[in-house]
Structure formats: C-alpha cells, structure tokens
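Build the full structure now, drawing on both the sequences and the hints.
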Amino acid sequence: MTSPHAWPRLQGIAYGGDYNPEQWPREVWREDAALMREAGVNLVSVGIFSWGLIEVAEGEFDFSWLDELLDLMHENGIAVDLGTPTASPPAWFFANHPEARVIDREGRVMGFGSRGMASHSSPAYREAIVRYADTLAARYATHPAVVLWHVHNEYGVPVGEDHSPASVAAFRLWLQDRYGTLDALNSAWGTAFWGQHYTDWEHIDSPAIAPSVVNPAQRLDFARFTDHQLRACFVLERDAIRVHADQPITTNFMANQSWTTDLWAWAREVDVVSDDHYLWAADEDAHIGLAIAADLTRSVGGGKPWILMEHSTSAVNWQPRNIAKRPGEMKRNSLTHVGRGADGILFFQWRAGRSGAEKFHSAMLPHAGRESRVFREVVALGADLQRIGELQGSVVQADVAVLWDFESFWAQDLEWRPSEDVAHAAQVRHFYEQLWRDGITVDFALPGQDLSGYRLVVAPAQYMLSTADAENLERYVAGGGTLLVSFFSGIVDENDAVHVGGFAPGLRDALGLSVEEFLPLREGARHTVDWPGQGTFTADIWQEDLVLRGAVTVASHGGGPGEGEPAVTRNTHGEGVGWYVSTRLDAAGMAALFSDVYADAGIVPASRPEGLELMTRRGDDAIYLIAVNHGDDDASFVANGTDLLTGAEIAGTATVPPGGVAVIRSTD
Amino acid sequence: MTSPHAWPRLQGIAYGGDYNPEQWPREVWREDAALMREAGVNLVSVGIFSWGLIEVAEGEFDFSWLDELLDLMHENGIAVDLGTPTASPPAWFFANHPEARVIDREGRVMGFGSRGMASHSSPAYREAIVRYADTLAARYATHPAVVLWHVHNEYGVPVGEDHSPASVAAFRLWLQDRYGTLDALNSAWGTAFWGQHYTDWEHIDSPAIAPSVVNPAQRLDFARFTDHQLRACFVLERDAIRVHADQPITTNFMANQSWTTDLWAWAREVDVVSDDHYLWAADEDAHIGLAIAADLTRSVGGGKPWILMEHSTSAVNWQPRNIAKRPGEMKRNSLTHVGRGADGILFFQWRAGRSGAEKFHSAMLPHAGRESRVFREVVALGADLQRIGELQGSVVQADVAVLWDFESFWAQDLEWRPSEDVAHAAQVRHFYEQLWRDGITVDFALPGQDLSGYRLVVAPAQYMLSTADAENLERYVAGGGTLLVSFFSGIVDENDAVHVGGFAPGLRDALGLSVEEFLPLREGARHTVDWPGQGTFTADIWQEDLVLRGAVTVASHGGGPGEGEPAVTRNTHGEGVGWYVSTRLDAAGMAALFSDVYADAGIVPASRPEGLELMTRRGDDAIYLIAVNHGDDDASFVANGTDLLTGAEIAGTATVPPGGVAVIRSTD
Amino acid sequence: MTSPHAWPRLQGIAYGGDYNPEQWPREVWREDAALMREAGVNLVSVGIFSWGLIEVAEGEFDFSWLDELLDLMHENGIAVDLGTPTASPPAWFFANHPEARVIDREGRVMGFGSRGMASHSSPAYREAIVRYADTLAARYATHPAVVLWHVHNEYGVPVGEDHSPASVAAFRLWLQDRYGTLDALNSAWGTAFWGQHYTDWEHIDSPAIAPSVVNPAQRLDFARFTDHQLRACFVLERDAIRVHADQPITTNFMANQSWTTDLWAWAREVDVVSDDHYLWAADEDAHIGLAIAADLTRSVGGGKPWILMEHSTSAVNWQPRNIAKRPGEMKRNSLTHVGRGADGILFFQWRAGRSGAEKFHSAMLPHAGRESRVFREVVALGADLQRIGELQGSVVQADVAVLWDFESFWAQDLEWRPSEDVAHAAQVRHFYEQLWRDGITVDFALPGQDLSGYRLVVAPAQYMLSTADAENLERYVAGGGTLLVSFFSGIVDENDAVHVGGFAPGLRDALGLSVEEFLPLREGARHTVDWPGQGTFTADIWQEDLVLRGAVTVASHGGGPGEGEPAVTRNTHGEGVGWYVSTRLDAAGMAALFSDVYADAGIVPASRPEGLELMTRRGDDAIYLIAVNHGDDDASFVANGTDLLTGAEIAGTATVPPGGVAVIRSTD
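Chains as they are written, first to last, in this note's numbering: chain F, 5 to 672; chain D, 5 to 672; chain W, 5 to 672.
Since the hints were derived computationally from the structure, they do not count as laboratory data. Note that the structure is predicted; figures quoted are calculated from it, not measured.
These stretches of chain F come out as covered by chain W in the derived footprint (C-beta under 8 Å, 3 or more residues):
(1) 220-230
(2) 423-429
(3) 504-513
(4) 522-534
Yeah, the Cβ is synthetic: ideal placement off N, Cα and C, and Gly gets one too.
Structure (structure tokens):
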C-alpha cells in the first residue's frame, strides 16, 4: 500500500528532532518555539511516549495539552510528525491487562518502569493501539501542523521476542498458516533429529529455554513470526490512521543496529522510510557503520529519499563509555546521511530531559543551554541544511550491491555454528569497509532480486541461500556479472537445513568449485596468504577444503590446516566471473582482492585523499557532490560548480579542510 | 535514642570474636573457655545464627544450652555480646511462612539452605523477630555475662533488595508517605519520560526486571526504601530488647564493603557503633581500604569509640583467591583499627567450623589447633591489647573531610551513566589514597553537615548534590575553607534529576567555572596533563569542556578530546579557595595536586618514611601515637614518651621494625 | 548383575556409528547399507532418539519402520546396537505430563524443543521408560541383528540436577534412607552453621538458588542423589529389557567430559562399558585428554575391553571453534583408544544430518558425500581395524594408579574454596600429563580400593578423603608402595567437613608432615622452587605452611608467602615412601619430581622420541604394541614382530612416520 503522499508537505531538507514538551512547564514551550526558529527547525516528532498523558484512563482521552502544543508549533511555522505512543503503554494498561506483559526466553516477566513494551500478540494490546491510533487520527487528521504520522517507536527494541501465552498461541496459528500440515512442519524443522516429532499443533511451544540448544529451524521461524507480529501491529495502526488522514505514515527503523525486523518487508508497508542511527563509540571508524546504515536504509526503500528520524548531536547514554562528538562531527554525520539519500535530519531530542534513563543523552538544546558549543553547531547546521534545500528529491545510484538478507542474519547468528568468530554483521562490515575506502557507492540487495543492473555483487558469508536465490546469482554471473562470495555462504536453505549435496551446491557453477569441509581456526591463529603478483597477506578465522571444478587458484594459504590450498579463486562462467575467498583477509589483502575484482567488473575507483568520503546525488537538473573530510589534512578533489554551503565557485579542484564538508552543485 | 549505657561494662580494649558453640560438643566448650582465657579474650558474640536451636518450633523456646553457655562464660570472666539470630530464620519459619522468602529483581525466589534471609517487609517475619528479641531479652537482661546486645547480622548482606509482594505493598505505602500525592511522585520521578505517568498508587511496582533500564529515580527510592525497611526491623528488635534490658545495643555494619545501608542514619539508632571489615585479597594495598573502613565507621559514629566486631585472623573463604595473612599482619590490621578509633578488636570467629560454607574462613583457633602460628599470634595480640588498655575512650581528630553520601553512591552506580569507568567508590579511594600516603587523618562527612571545623574538604565524584548541600559547600569556601572537587560532581538533585541550569550549577561560585559537556575517554585511553611548574602527568577515564567564570587554569589536558582545555583549576571565593580537577590524574599527579591544595588549606604533611602509617588518639590525660610499619625497612619518626607494648622509653626518635607496630604514650 | 553375555556377538573390533535413518527417505537407507559395507561397518546404534516415531501416542506403538531397518541391516551383515530413546521423550509426553519437565537451580522450567530431557524422579517418566523398554525388548529380543542394547544416551547430559517438585520429594526420601534420623542429617550437614537446623524432613529442599552459598554437604548429597536417580532409571530399563533379552546391555558414558555420574558405580551395572569422547578443540594437546578418557573408561570397567561408542570423524559443532581433524588424526585417535583397551570404534554418526542443532557435526559420511577425504579415511580405518581383529579381548596393564573419585570432584568444585585456581580436573591432568610424556601406562583408581598391585599411586588434589581411605593409603605406603600426593588433599570427610585434627591428618604418617595453613597465591603470581641437584623451577597457584614430622625437604619455595619453606618433601614410612608437593610445579619441575619418584617406585621409563605414544595390550598368545606418532618426524623404537597394518616384519627397530600408527604383534 502506498499513501497518496510520498513525502511530507515540507520544503527542502527536514530538520528537527523528537520533542517531548510533556516533560516541561508551559513557559519552556514558548522558549522552545523561539529557539527552534533560531535553529531553523521545521519538523518535530511529538507524542512518541505520551500515551498515559492523553488516554488518562482506559478509553478516556484528554487532548488539551496536545491541542495547545500543535497550535503553538503551527503558529511558529514548525511542522509536526505526530506519534502514536504504542511502544510504551501506560501503567494503567498493564494493571488492567497483566497478561499483556512480555515474557522472555527464560520465563521472566518484563515489568513496568522502563519503556513499557507490551506483547504484540496480546488481544488487549492490539485493541488498545487501534483505539488510540483511531482516536488520535480522527482528531488531528486535518490539523495544519501535522505533515507526517510516526507510528510506534523502533519496533523490536528493546525487546522483540515474546514468550507469553498469547504469543505462543499466535505462533501456533502462524505455523499452521505457514505449513498447513504437521508433516510439512516436521519436515521443515527436521524434527526427526533429537526426537522432536510433533503430532499435535498444541504441543508446539515457543523456543524458550530448554535443556540444550533449541531446534534452529524453530528459532528461525520464531524470528520470522516475531517480525510478522510486530509488523501486523504496525499495519493495524497505519490502517486506523489512514481511515482519517492523508499524510504519509512512517515508523522509525534501526537499520543495522537492530535485528528483529526484516526491513525489506517493512519498507513496503510505510509511505516514507525513516531510520534512527547512533554511532558506536568504541568503534574508531564509527562513520563507516553510519554509511552502512544510510545505504541500507536507502536500499530497503528502493532508493527513494528517506528521513533520518533520530541521531545524536553528541554523546548517547547507553553505551559503556559515551563519547561526545567533537566540533564538526555532528555536521559531518548529518551530511553523510544526506549524501547517502536522506532528505531529513532529525535528532533525539530537541531539549535534554532532566530525568529518567536517558538524561545523559545529548540533545539539540543541551543541559548547558543556549550558550553552548552544541547549540551553536545546531543553529549552524540548520542554516547549512537550508542552503542545500535543492537536493531534496535527488537520488543516489550504485554500481555495486552487497547482499543483505535479514533472514540469513537470524539463522547464521544462532548457537552451535562452526566458529563463533563468523558473525554475519562483522563479515558484511569487513567487505563494505574496503568498498568504502575505495570510494565505491554501494546498495544493499536481497539475493533473490534482479541484480542485473549492478556491475558487481558481493556476498559476505551469505549463510542462508535458497536454491532459487542461488540460481538467481548463477544467472547474474552467466549474464555477465561479477560475483564475489566469501566463505560460509550458501550453506543452508530457508529452513536452516544444509543443502542436499553438501555446502554451497547452488554456487558451484558460478564459482567453479565445491566446498568439502570447513577448517575454522583456533582463537588468535593467523596465517599468511600467498598471492603471486600481489604479495603476502595475513588472514584468520577460517579456511576451507575446496575442490576446484573449473576455478583457478589466485592465492593460497601459506599455513594452517589448509596450507597450500586455495585461499582465493576466480572462475569464468558464461559472460561473467565468480570470485571466492575462503578466509578472512587482512586490510591489505582485501585491497588486493578488490583491485582484481574491480577489474573484472569494469569498475575504476577514483583516486582520492585518504579519509575523504565523496558521495553523489543526482537531481532532475543537477548533480551534487557531497564531500566529507574525516582526515586531519586538507583534502582536494576534482570538481566544477558551486559550493552550496559557502557559495564559492569551484573550478577544477575543490578543497575541504580537515573535518570539513562541502556540497557542490556540479556543472560537470 | 541513646541507651543509658554508651559502652559495654568492660575494662580496656575489648577482645574476642564470634563464638558458635552450638557447632561443637560440650567437652569442646570447656577447652574453648580455657583457651580464651589463655588468649586474653574478654568478649564473645553468641547466638548470631542460633534461632532454630532456641526457638525450636514457632513460639516454643528452649534456652537450656544457652543458659549453660552464658554461665560458663561468666564463670571464666568472659563477657557476652548476645545476638538475635534474625539474619537467618529457621527452616520451620519458611515452611510456615513461604511468602516471607525474598524475591530478587528477576523474580527468582530465594530458597532456604544458606543464610535464610527473609523479607524484611513480611508481617510474619516482623512478628517473629519481635517475639524472639522480646523473649531473649526478658530471659537474659540481668544475666551478669551479658554486656552488649547484637541485633541481627550485617543488615543488607547477602541480599538487600526484595521484590516480594509484601515488599511491593510496603514500597507503595512508603512512597505515599514520602510524596503525599501522585503528582509529587510523578514530578520527582520524571515519569513523563518514556510514558511512565502513574494515576494510581497500586500501579506502582518495585523496580524489577523490565524491557529496558528502569526509571533511576524509582530505583533510587527503592534503595532508600530498602534501607528504611532494614532499619525499621532493627528498631523493632532494639525496642523489644530495651523494654527489658539496660545494656547497650548494636548491630554490625559493613562500612565500605556493603552499600545497602545508609550508615549515617543507622549510627543514630545504635548505642555503640560496630563494624565488620575484611581485606580484599586482590588489592595489594588492602590496608588502605581498611583505613577507609575504620575512618568511615568512626565518622558515622560522630567520632566516638567503636568496636571492630569482625575481622579475620588470616584468610577468608569467599573471595576468588583467599590470601592468608602473613606473620604480624593481623596485629598491624588490629592496631590500625585501634589507631583510627576502635576500642574493641573482635574476629569472625573463635574456633574454625568444620562444616558449612565458611569452613575455610580463618579463626582465632584454626583447624590446625593450639599449636599453630595463628593461635600464637592471637595470644600475643591479646596480651598487647591488655597493655594498651588505657587508650580506651581516647579519640581521633581530623583536619580533612572527604564527602561520603550513601545516597549519592546509590544513584551514581545505576545503569546508563556517561562512563562505566566512574564508579563512586573507586574515585573516593583514589583521593583518599593520596591523603593516606601523605599521612593526613581523614574524617568522612555528609555534604550538608557543618564543615567549618575542617581545613580541607574533598568531594570525589560527588554525583548527587542537592541545592542545599551545594550551598553548604559554597558557604564553607566563602568562610575560608579549601574545597577540592573532582569531575562528575554536583550533577543531579535528590531525585537523580539533572539540576536546572546544567551540570554542577550549585558549585559555580565556589569553583569559578561551569561544566558544559562531559568528555569520557575510550577504554584504555590515556593523555598527558601539563602542569607548569609541577611537570607532566598522565590521566585517563574522563575530560570535560569547562567554561571558566573566575577560576584560573592550573594544569591543562595535553591531548584527547579536551586537548588544551583546563584539567585543574583554582578559584578564590570569599575567604577560601575552590579547586577542580576534570580528569583522573595518576599517582604523581595526585601528589602534585594535593601539595598545592594543602598549601591553600594550611596543612603541612609531616615527612615520614614510606610505608609508615602514623595515627594519633587523644585521651583526657595523654596523647597516643600508633605507628604501623607496612614497609620492608626500619621506619623512624620523632617521638617522646613510652612504648606501651614494650615499655621502652622513647626520647627523640622511635623506630619501628619492618612489619612492626608501636603504641607510644606521648609526652610531647 | 552380570549378563550371561559379556560381549556382543561380533568378530574382531566393532566398527560403526550412530545411525538415524528416521531422518532420511527409504532410498537413502539402501545407499547407506551399501556404503557401510564398503567401509567395513559391522555395528550401528539405532533408535537413540526415535521415541516419538515409535510410540506415536501414549501406549500406542508403531514398529513398522524399525522392523524394516533391522531386517535391512541384518541382510547386509551389519549388527545393531538397539537403543532406548529415553533421553528424549516426545512432545506428547510433555504435553500429557507437564510436571515431568526439569527445573533448574534458578527455578526455570526446561521446555521442549531441544533434547527433551525429563525429570528422572517423575513417576510418569519412570512409568513411560519401563513401558517403552519392555515393549521394545519383547519385540526385538530375538531379532538376529540385535547384538547389544543401548539404554538412554549420555546420562546426566545436557542436564543432570533437577529441582522439580518430584525431585525434591524423592530427595527427601533418599535422605531418609541415607541418614535414618534428622539428627544424623543435621550432624552430617553441619546445620548448626548459619542456622540451618532441620526439625522435619518436609522442610528440606533441593539446594536451589538462595541468598548466599548453599550448604556444601547438602549440595554434595544432591549430587549423589542426582547420580542415584539417573542410575535408578537405567536399572529400571535394563531390568525391563533383561526380562526378554540375553544380549549385553550398555549405556554410553562420558568419562572425563561429564561430571554428573559416578562411573565406578555405573560400571557395576552395565554388561559392557562404553564411552563417548570428543576432543576439546582449544586444547593443543587434546590427545592427552583422550588418553585420560580411555584410561578412565578402562579403569572403571575393571580393565575389561570396552567400546568407544561415539567419537567424531572430524569437527564437532558445539564448541566455540570447531576444529576439523587433519588427515590421519581420526586414525590416530581411534588407535589410541584401541591401545588403551577399546575393542569397538564407533562414531556419532554415520551420515551427517541436514537439520537440527548438530548439522555441523562431522560424520562418517559427511555432507560432501562419498567423494570426500573423510569418507576415504573412514573406509581405510575400517580396513585397518579388520587387520587388527586379533587384538579383541587382549588387555592393558599398568604399574601406576592415579586417584579419581567422582565424589571428591563434586565436593571440590563447589563454591568458596580457598582458591578458584584449584579445579580438580586440571590438577589430575597436570600430573597425568607428565606420566603420559614419560610413556607410563596409568590406571585410575579409587582411594579405598586395593592398591597393592601398583608400584606408584598418585593423588592430585584429592580433596575429599575419608578416614578409611586415608588409612588405605597409609597401609599402601607402609607395605612398600610409593605415594605421591599434591597439596589440597585429604582435607574433608565424606560430608565435606574438615577432618578433626586439621588438614590431611590421615596422611600425616605416610607423608611425615602436617599442613598448618594454605597459602594460595594471587592471580598470575609465580615463584621459584629451588631443588638442590635438580635446578630451579617455577611454580604458581598455591603454597602451604607445612610442619615436618619426619619428612625431608627435597625442594623449597624461593619466594612468595612460603619463601624458604618446603615445596617438595619425601618421607620413608614402613617399606615405602610418601612424597608431597605443596605447589603447582611447571613442566620441568614435574619432570624432575617424577624422575625422583620413579626411582623410589622402581619404575624405569623407556626412552622414546618425543610425541610417540606407545601402548601395550596383552593377549592370551601375544603381546601387541600400538604406536601412535603425534610428532612431525619419523619416530623409531625397539620392537620385533609383525606390523599387522602393513604386514611388514619388524626386526629390532620399528619406525612410524609423522602422524602415522603401527600395531605390532610382538615376538619379544
């Protein structure tokens, strides 16, 4: 379903943040409105956690303060993204419906007092959220401030799976719907193993704590079910709003920072894709994680512009050590999101809250107040975003796709895999990082989608790969594509069952090899990889016994259990080429690998200063270069046009100072 | 309430330990009495864990063995500290009252079989402890052996918080008493954040496990409530005893080794303060932790003499590696307690028990028996304590106060702080350690108390500071005091809410600065601090963005996010001086800092050999120097008088051998 | 009870594995039979996890597929080890009997979905297993394929202890049976400590989670009870089978890889001892752990031949990093088991399963299929085992016994011991490893058994030692034996109570010393041991204060708390010698220690190349040398005879290539 409105009624880049005025007295509201105007804020998200202050008792609504607030915002020219607070039901809800509380794998009942997350399978909860969404939308559908609806908050966080009786009952129905017969379920789950055969649907439980590891197919299906239940609740709310309202409806994703939701499916249900992203402070290259988030958000949305619904002006509060952003960093982060397709830059939150679990989370208006570095940078960023308003609607194009299938993540990260060193996300990051350093724009893609538009497709540890998806990859290569596959790919089917025929049988033709046995390495073990013509590299984590069936050995293991065997292979298949790498190469090895792969794919990475991140958006009438300098030196690159931030004309060479940014309307 | 008797009827220093004769046959009792006399024991604690052997069924008492024991002790001239065993109700109690079992945050019911800790909110438990205390006191109030009553054992250990239904119900009543209205509670807890607004007292639960972090103000109040419930049970027992008995009443604290009880409040309820202290074996400087414990115990008791109710003759049994004390160490530990105000030196326990969880805990009479190093040292210590009996009643005086507010500990150590490297206790230790090395006697103090008697007040990471307390510190400086404050001080009010006006607004005048933003460092990150005139030091964990408002930069960060900004500042305010340090300095940096701070405070640390701990007690007629040599060489210091342990006359210089002690009645 | 048949009706060495055809369609069964014949398989274990596929509803059996399978096996000349699947009751069982689910210490109910482990105290479970075993045995007692019965699977794994109400009720009955009176129980458990006195059997619970550490004697008894309940279930099944069938009955042990079962007691109940063993991948010397497993398995069986019921052809799946075996390693492992007494070499499992928790576990027929390194080596191993069939029935003899008492393990590894660095298993391994390196064949033994046949008895940290057992060791020494005892031996009696008279009083005469105090070392602390004539070594973990009472100091601590005190002592007692070592010596120190100890014991280790493992089996008519070369070079040793694997005649010197094996029928 697509809304009649694909984008909120806003000019230029949306700018603002979560606004929680219910934490503050009325005089602060007036001050906030004035400061928002000073900062160039044009959109605030309101009501995300306000259930109990609006539905003050079950079925009894008091909208007076919200009426007043929306009017205030509208008077000040600030649009509103109006939230349904269904991520946090009020205390009375749990008192009236104690059975709606979430129960975790260990049987622990999740109490009230933090975010009051409820069971998404609870009939009482579903009734309540529809009532709320309906009542809210009926009241504000025509309010002139409201330009966007914000359903719930970060579905699946902080808890996704629910083992309450309501959830177990719903799981049984979901399974009946999926499998039809118990024979089909027994077959899909492989219940003959460990004596798990089912003869009655009512005997099936959620995969809660058990004497040993629970059936992985059951756990995978429970992950699918969890995603389904969350999304079903979204759809209930969305449809209740749509009865009354025409504005676009969204919910804020968590891209690569939450794993409970299949964002490919979710993106089909929202009118506008929006995402929350927070830097991981312990990561010295956290901006690469940010780039992944932005590319993934854009990709699940099919390349359309999207909204960065939350990020932070400085430190967050929930990490072990919450590193403050340094001057210019918030701007760099924001412009990178823009460069990768965001047309809205919002923060959690407008004003730092004095109380509660997140009072040490930074805000647009920090505890230090108006006279502070952060607020000064917030004002400056608002002005910058106004200067680049013309980018709104322009798009990002990519020649390379990296596979990203949430179901494969769910399966791969279960217990009892060959090595706990092969987390899926880390493998994706490892490959993406080289592409980032080479300045290559990347889309993420599903293995089963049409990939013919890409010069290169990369599959890092794509553990789960259905036969159909493997055939799609084979066709892609045969048709002329270049495919780069890492170890531990194509191992299981959609039921987490090893493919008939061994490991990765579906990739044999494309890659020209078969995988006979995994050779995980001991903790800390490292071995060389000898690559004639490229040099000697280091690798770790994994090796494999391969049987080449047409592929050529490009590099070999210099030690370890697979000593002398192929580490990197290349295979021509049809019109294309299939590369395979059976270990985790170090950074230099990855650079060598990609340099050869690019050659096959016809990709020529531009030479650029290290630390310069260069992105391109294409509008109807112009091309925009967004440059972000993460380095400590001036960074120059070839450009012609106008720097929209400074108004400077660029002829031939643009230079961005250390930590700086540029947005150039290109005339090339 | 103060008892008519401020100290047990004993001459000199009390000496002895927990005595659990119920573990042994009668013939052992006779041997014990003889060996106690040999060791100079004059006080034993009896009955701490004897509930089930005295109240053999609910309401049915059998005192026969205890009668016999008290008579035996009295015949041998050994006084008794008679315990109520309410820390460990018997098996029949839990069988009769299963609802009185403690439930933890995760909903797990704590079973019987270890210490049978019960819910302190349970009506059945409260009825039972009053019945027991009343019956016991009625019987033994006039027994000539009994000189002290010992209620319960280590309140709050091993479990403090209780989430049983009785506790939740009591919590609601406590909250109604504290807040009066739900509006006041909603405001104090900041329930507008994350949608936690309450409309009914019955909707409030204990802060048990929830989907994410629970409201910190709720957790802080639950810590207060827990302390209150424990203390209310103490008061019930104390008052039941007082109806019958005149002897002083105590309960054994855990000073800096348990965090559940606000000892400032507890000290007001006991007649005599007593404390348990155990070395932390992994700490190579565990004697500094001991000094903190002793100073804190003395401080909460208002400087009056106190009893070391438990320590160990050698190893304990509950640490990962239980290091045995080396020859002389028990004596050094004991004399340090005396030097810091203890007038009683007792041990857990008299005779090593053969069975149970603590059989590897050392004792005065170890498993090896009478012919053992430990027992020989026990006998020698008994003789030494008799030699210094005249110290009884003398007092310790301090020029320096270090702030210690249990409520601030409770708040600071909750989840989601800016950095998990800033545990409150470690910061206090960091500052105390320099004072210890400089030989400065320290009191601990509440931030709101009269501080005018101190030359220097130190506030290490005093995270919670009410406006009134901050004003008290400001007045202290304005009146001529020297105040040294570390980073992360004065951040929140008594509800764990950030102060209006940002971080540490109440300290701005005294310190001449404001704190704009925290800059926690990454794990392991270290940077220099440049201190003109003092040198270059290293620091870690934390930096800050400061705005100076009158303060002068004394030292600066040489790197890190706050590079070039102030690391140490000094501000004259009124008649006094306020120092601020925005990072964690290494040991050399702390020495430099304090050397400057002492100069402002008019404190001149005496030059002494490294490792020599020198303490002073002042009696009505004499001054006593207690010297403990922790070093490997002879340590000499200026003294005149008589060494009470050896009888030697000291003229000009006293010398203590490595590992030795001296107690000098000074004629200076 | 001993079966009329001490060994299954098989010729030569048994070879095969678990076979789970219920996971596969019928056409695969035919292929399997053919490939088994190719591999020389003569025994497969069937039905281990098939409960729900045979008893399809409570009391309703369908044996059709099993009939077909057994016939197929028989037609192909493959014998069957027929299992009872009682380690994994079906879903309907738990639906019908929810109270039969296991509950863990924390009160968590173990759900269905992995291995469906049930409460072994549940009446419903016991009824069900007897019904199943009876029905199965009645049907197949005379089937010609069936040569062995395989009851249950790995008793005690993955869960042993059960805190369900049925278990608690059974525990009370077991205690009444053990102790007779509550007085006896109170005395044995030392309930006077911490106020745990019991006045009613019904007040006693399982040692579930409690506020602090639970009574260790109670935990020790619960471990005994757990073992008893598991074994009682085995006996129920065994006796039900025996009513119908004459074949030997076994259950697969876990030797040194599970700690829930007292294998000395279990071995008395089975007709044939069998064991499962898996390499611990993180251990670079995992083959030494394998040797311990094999020696322990043989020892508990009284030296009789035994069956290796499960090991792996390559990697397992349940370790953090599952290291694949390298070419030849499976053969070396298998021959080591043979060399240490195994007359059967079986694997988990025949064909790799596609689904479930263990799909990445290797198999005889791997996912890669017939054309794979693993299957080729499986075929070769089958042929090798046929070549050495004459070894069947020959035995292993040892001059050295290492004490191994499961009850002492249970007691020693409870909480609150003097140092967590003294795990019992690690100490046993430390001593065994030196014996292994010296090529000494080792039996494991109980401290109370007749030891007079051994030249040397080693007691590594034999924490629990009853007075009677200590007297047995004293008699052994007095009679001429050599005894080597490590620190932390002889500390407690069978109730985990410290012996009257201090530590190790029962060993004073044999060792000529007493232990006054433990001196555990801090983490990472290392000190020298000075051994005149042998050199200087390093040691860690532990020292002790010893009082010599006749023993001579052989080596001394060069530092640490016991500096200058004895580290190693020697004592002549009667006709024998008692050695004591009070620290953990490094490898060189252990070599020095044993070289002196061997001299006293009259043991002369043969000089052999490093890495060569040489084992001897003695038949009625021949002696067999089994040589396994773990090294990287050719290894030669003195031998005369015929290599059964190659047919080569050996005259004087045999040489085994790196990674190779030899089995020589010796003519010496």
